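Colleague: Given next are the chains, with one letter for each unit.
Protein chains: 4
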Amino acid sequence: MICIFVTGGTFDKAYDEIQGKLSFGDTHLPEMLRLGRSHVEVSIRTLMMIDSLEMTDVDRALIVRNCQQCHESCIIITHGTDTMVDTAAALARGVAGKTIVLTGAMIPYAFGSSDGLFNLGSALSFVQVLPPGVYVAMNGTHFPWNQVRKNRSDGFFERI
Amino acid sequence: MICIFVTGGTFDKAYDEIQGKLSFGDTHLPEMLRLGRSHVEVSIRTLMMIDSLEMTDVDRALIVRNCQQCHESCIIITHGTDTMVDTAAALARGVAGKTIVLTGAMIPYAFGSSDGLFNLGSALSFVQVLPPGVYVAMNGTHFPWNQVRKNRSDGFFERI
Amino acid sequence: MICIFVTGGTFDKAYDEIQGKLSFGDTHLPEMLRLGRSHVEVSIRTLMMIDSLEMTDVDRALIVRNCQQCHESCIIITHGTDTMVDTAAALARGVAGKTIVLTGAMIPYAFGSSDGLFNLGSALSFVQVLPPGVYVAMNGTHFPWNQVRKNRSDGFFERI
Amino acid sequence: MICIFVTGGTFDKAYDEIQGKLSFGDTHLPEMLRLGRSHVEVSIRTLMMIDSLEMTDVDRALIVRNCQQCHESCIIITHGTDTMVDTAAALARGVAGKTIVLTGAMIPYAFGSSDGLFNLGSALSFVQVLPPGVYVAMNGTHFPWNQVRKNRSDGFFERI
Chain A
60 MICIFVTGGT
70 FDKAYDEIQG
80 KLSFGDTHLP
90 EMLRLGRSHV
100 EVSIRTLMMI
110 DSLEMTDVDR
120 ALIVRNCQQC
130 HESCIIITHG
140 TDTMVDTAAA
150 LARGVAGKTI
160 VLTGAMIPYA
170 FGSSDGLFNL
180 GSALSFVQVL
190 PPGVYVAMNG
200 THFPWNQVRK
210 NRSDGFFERI
Chain B
60 MICIFVTGGT
70 FDKAYDEIQG
80 KLSFGDTHLP
90 EMLRLGRSHV
100 EVSIRTLMMI
110 DSLEMTDVDR
120 ALIVRNCQQC
130 HESCIIITHG
140 TDTMVDTAAA
150 LARGVAGKTI
160 VLTGAMIPYA
170 FGSSDGLFNL
180 GSALSFVQVL
190 PPGVYVAMNG
200 THFPWNQVRK
210 NRSDGFFERI
Chain C
60 MICIFVTGGT
70 FDKAYDEIQG
80 KLSFGDTHLP
90 EMLRLGRSHV
100 EVSIRTLMMI
110 DSLEMTDVDR
120 ALIVRNCQQC
130 HESCIIITHG
140 TDTMVDTAAA
150 LARGVAGKTI
160 VLTGAMIPYA
170 FGSSDGLFNL
180 GSALSFVQVL
190 PPGVYVAMNG
200 THFPWNQVRK
210 NRSDGFFERI
Chain D
60 MICIFVTGGT
70 FDKAYDEIQG
80 KLSFGDTHLP
90 EMLRLGRSHV
100 EVSIRTLMMI
110 DSLEMTDVDR
120 ALIVRNCQQC
130 HESCIIITHG
140 TDTMVDTAAA
150 LARGVAGKTI
160 VLTGAMIPYA
170 FGSSDGLFNL
180 GSALSFVQVL
190 PPGVYVAMNG
200 THFPWNQVRK
210 NRSDGFFERI
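Protein chains in written order, with our numbering: chain A, 60 to 219; chain B, 60 to 219; chain C, 60 to 219; chain D, 60 to 219.
Here chain A stands alone, though its shape is the one from the complex (with noise of 0.2 Å):
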């Protein structure tokens, strides 16, 4: 069984089509599986849902404690990708002995152009392999937690 908690991010945005501007409705996490014809057992928590430029000390800290007391040793967060390397420095600090990917997407998985969907794949089978450690899996690659970082001009995420 996977843990999947969801934060937000670009990952879930959505188009409001009422006010014109994007917004976070559910999470097409479960739409995402099922597209995908995933076997996977996951449950699926929705922690907040916001963009990654917004997320503080108290929100890292609540995503860190689920991650504790979760009884899954295998868990994904969905997060934007912005900050997505210092929620990935707040885990490795208080979470021991569980594999834990972080992912997200450039591009809302509601529009057809979406990474979201290839990058949920990659961070579903990451998850399953990896030992114990915080992950990042973005472009197709895993990244340990603190050899990464995302190069905010050209949008992918590099080793460092």
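Bear in mind the hints are in silico, worked out from the structure with no lab data behind them. It is possible that part of the hints are untrue.
Pairs count within a copy or across copies, as identical chains cannot be separated in the list.
Below 25 Å or equal to it, Euclidean Cα-Cα: the simulated SDA-like pairs (lysine to any residue) are [stated by the list, open to error]:
| hint | residue 1 | residue 2 |
| --- | --- | --- |
| 1 | K80 | E217 |
| 2 | K209 | T115 |
| 3 | K209 | A73 |
| 4 | K157 | D213 |
| 5 | K80 | K157 |
| 6 | K209 | M60 |
| 7 | K157 | D141 |
| 8 | K209 | D75 |
| 9 | K80 | H98 |
Quick caveat, the model's predicted, so the values are computed rather than measured.
Model the placement of chains B, C and D on the given structure of chain A, informed by the hints.
Modeller: Quick look at chains B, C and D alone, frame taken from chain A:
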């Protein structure tokens, strides 16, 4: 560097609008990797473009020979789902010391509702971390080649 | 109130993932009108779900009879493109005083890249403003039934 | 020959993945007409690329002048929905003897679930058959410029 061998299958079926039926054109792999914003170095080679129900022993021998002779030790094979397990068995008999992951799709990538992008993200991740051996990556899971079959009534791969 | 008769054709072809081939299920018309946020009152009736190459004289007689007997004077018929012009001729001989617009698609709606939604928007608009008569609405244009043919080599309808 | 003036609006909003927000790039019109397999001769000119809430009187005067001066007597204007009716009124006051159809979208075309392709098919059809005048084509319907308003609570255009 990961080697991707394309053999056709539902994954790459396209709709021929002049003939009004499904057909094979060029592979969608490069476009899919672009969409997934993959930064993994890959070499893509199209070995054949066929429905896996029409794959012969000669075709399988060609796939095995290519896997033996390529320089890469990590190989993904896109393949029709109907005989994916047969090709996996041929590869297990013929190739040693490499990590080979077969994947495919139940719905053509060209359809909006395809599982192909999810499966590609999954296969690309598994191939980077699994020990040498031959595996099928479908439905979010990896199966050793001799512990899997396709359930033809519901379309899912299951452990045997 | 506009009457929409569904007869199948590429428009409504779906992909049967268990059989691995194109097939017909339920029509996509209600979903397409929802997507187009159409507020036009319509009644949708599925007369048949077939490839228009397999349409017989008996099938055409059924379509003609339904157009004669329905209460609405504005009718859209979704139809395979190969024999759309033949059915238009049968309708011109058999139905008077109504505006009938036939439309279809070169690519199934279920594919992301379909022309179906564009053609439906077009047919729905033409049928509201054209005088009584039988028309084909394809490629952004309306053609009187006796001034059109499908060019089978390039897939476009052209004036004759 | 039909003239299409692009002014922006939700229709052409794109997702800027580096900034993580909606933005305007090039218009999607040519791609959409290709997808719809339109064979109608059109000339596309981008007058501006703005949210219609930010459209000023100077912008409207520019649109009016372009409609007056172009050679074509059939004109489509893609426009944000929020002030589409205001621009229609300015056009009705300033342009005579031409058929002008304004259309737009509630969801950006770049999203898979957009009404844009349906609306474009609709506008392109209405403009070919309606008598001179200024119209709004939304929700599968055409409205004379002075008999329509956008219902901001449900997002639909309605007759007044």
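Colleague: Hint by hint, which ones does the structure fall short of?
Modeller: 4 and 5
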